[in-house]
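Residue numbers (our numbering), protein chains in the order written: chain B, 1 to 300; chain A, 1 to 300.
Please note: incorrect hints may appear among the correct ones.
Just so you know, same-sequence chains aren't split out, so a pair can sit in one copy or run between any two.
Claimed, not checked - Result set (DSSO-like, lysine-lysine): computed pairs, CA atoms no more than 30 Å apart in a straight line:
#: 1; residue 1: K257; residue 2: K296
#: 2; residue 1: K104; residue 2: K117
#: 3; residue 1: K257; residue 2: K289
#: 4; residue 1: K176; residue 2: K74
#: 5; residue 1: K197; residue 2: K176
#: 6; residue 1: K257; residue 2: K293
Source of the hints: derived by calculation from the structure; they are not laboratory data.
Protein chains: 2
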Amino acid sequence: MPLVVVGSVAIDHVETPVERRNNLLGGSATHFSYAASFFTGVHLVGVVGADFPQENVQLLNSRGIDTSGLHTVKDGKTFTWTGRYAPNMNDRETLEVELNVFGKFDPVLPEAYRRAKYVFLANGVPAVQLKVLDQVPGRRLAVADTMDLWIQTQRDDLERLMRALDGLVLNDSEAKMRTGSENLVAAGRAVQAMGPKFVIIKKGEHGAMFFGEHETYVLPAYPTDRLIDPTGAGDTFAGGMMGYLTQRDAFDAETLKTAMAYGIVAASFNVEGFGLERMQEITREDIEKRLDKYRKMLSF
Amino acid sequence: MPLVVVGSVAIDHVETPVERRNNLLGGSATHFSYAASFFTGVHLVGVVGADFPQENVQLLNSRGIDTSGLHTVKDGKTFTWTGRYAPNMNDRETLEVELNVFGKFDPVLPEAYRRAKYVFLANGVPAVQLKVLDQVPGRRLAVADTMDLWIQTQRDDLERLMRALDGLVLNDSEAKMRTGSENLVAAGRAVQAMGPKFVIIKKGEHGAMFFGEHETYVLPAYPTDRLIDPTGAGDTFAGGMMGYLTQRDAFDAETLKTAMAYGIVAASFNVEGFGLERMQEITREDIEKRLDKYRKMLSF
Chain B
1 MPLVVVGSVA IDHVETPVER RNNLLGGSAT HFSYAASFFT GVHLVGVVGA
51 DFPQENVQLL NSRGIDTSGL HTVKDGKTFT WTGRYAPNMN DRETLEVELN
101 VFGKFDPVLP EAYRRAKYVF LANGVPAVQL KVLDQVPGRR LAVADTMDLW
151 IQTQRDDLER LMRALDGLVL NDSEAKMRTG SENLVAAGRA VQAMGPKFVI
201 IKKGEHGAMF FGEHETYVLP AYPTDRLIDP TGAGDTFAGG MMGYLTQRDA
251 FDAETLKTAM AYGIVAASFN VEGFGLERMQ EITREDIEKR LDKYRKMLSF
Chain A
1 MPLVVVGSVA IDHVETPVER RNNLLGGSAT HFSYAASFFT GVHLVGVVGA
51 DFPQENVQLL NSRGIDTSGL HTVKDGKTFT WTGRYAPNMN DRETLEVELN
101 VFGKFDPVLP EAYRRAKYVF LANGVPAVQL KVLDQVPGRR LAVADTMDLW
151 IQTQRDDLER LMRALDGLVL NDSEAKMRTG SENLVAAGRA VQAMGPKFVI
201 IKKGEHGAMF FGEHETYVLP AYPTDRLIDP TGAGDTFAGG MMGYLTQRDA
251 FDAETLKTAM AYGIVAASFN VEGFGLERMQ EITREDIEKR LDKYRKMLSF
């Protein structure tokens, strides 16, 4: 059962206190797809320009990611993001954003994608995310990520989106901004009251919090000291989680928690290299081994 | 088997965004003792002035805390701390500190305390903490808390102390400052290399990290939306942890992790009221129930 993801495919230039790396394959849908591909087939919907290297497409295809929904604009340029991480590797500064073809992204899903049961809307304009949902009327589970920018400028669309979603993933600063609450437990519950059946607050190096109808819980990040590049960690988390849910074709409370754990473990690998480099070194077996360690870490 | 704790006993004035409360029973040894008293007998060593309300002593005694090591300086005043919490309830500003009798604190342990096997040095001057250790030569487990102030001013004593300790508890900002590392995993390992058999980094609302000879792990905080006053949460954590270790008379890896969990659960109650107010409402049974919830929260 394939999972559909709609979002950005980008070229990233990343500067950390240690190193600067240019022309990395990035974007929310990319990181999401790559992580999800360890669990299920993925249908990717995105847009790139004529400059987008063919080897990137091949890399995604080699993971079983269907890129027939990746549209190439012949006279356009690919979305580019340039960012710099602070010494704490948590705060980052966006040095440059060129939306290019992603600025006019109007996703049209290939016919084969429209029967999807599992859909993830990686971060993007809420109005566009809503249009995607209209194209998959038979979906069983739709989850979206959100982003500060839209919270500030497109409140109405975002509110409509929230009521249409099953799950929403957002980061801690977004949750605080959205609700005006500094307490993340209160913030998570307040966001959940806006519509989604469940809400997940990503806390970066501190893990993630889950808010469902009947339960609230926190899982820590898997501790790694090989923190090379956190770019895409949140999307990798979501990809691991949604990939597992799709593979299991279930999203009851128990399965959701295990899916969160898979997402956290996937993200812990992602940050151990620039772009997708570390993810390219690992197998599902490595994910299982680390999940096992993570499970033991949390049992007493 | 009693647990000896040496540290501050104070009167706190606490201001949160919601409320200001004066004359709360506070201090590191106080919060520690109260939490530990749910698990074991506690011998408290500290100093107060003639102004210290007798009802505070009675409260501690009612929990089975032996205060024969709590020295009263007849012509002195009790240590007073006044602080204000930021809206995030994590950052705080010290508005006023009057060390008073605590400034000349020179702990002399009653004879009966000197045969203790379990010792906790709540935060204080490293030189004083070292003198305490000399008085309990037959100890099996000595753990200390540390504090920014001493890190800056008494590096040598602190380093000697670290080599004499079994365990060190410190908070995330201290660990970063002490090691110059922004990555907490790397920081924890670096602190452990300075001497202690194990190191625990407290991350406030994000839980705590453990660094032992053979393992590193993270446990999240127990999520509560009744965050009233975080003062003493770190000492309550340490009190729950050390109390459990003393009760079990063991500190193998398995027992240490369970003890961490008890500490985290104890701290989650402490923050739900000003000073010791919430702790006074609960029983060991409440701690067990929440520990059970916490264990379930972390299993998948």
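For this session: Mind listing which of the numbered hints don't hold for this structure, in increasing order?
Result: 4
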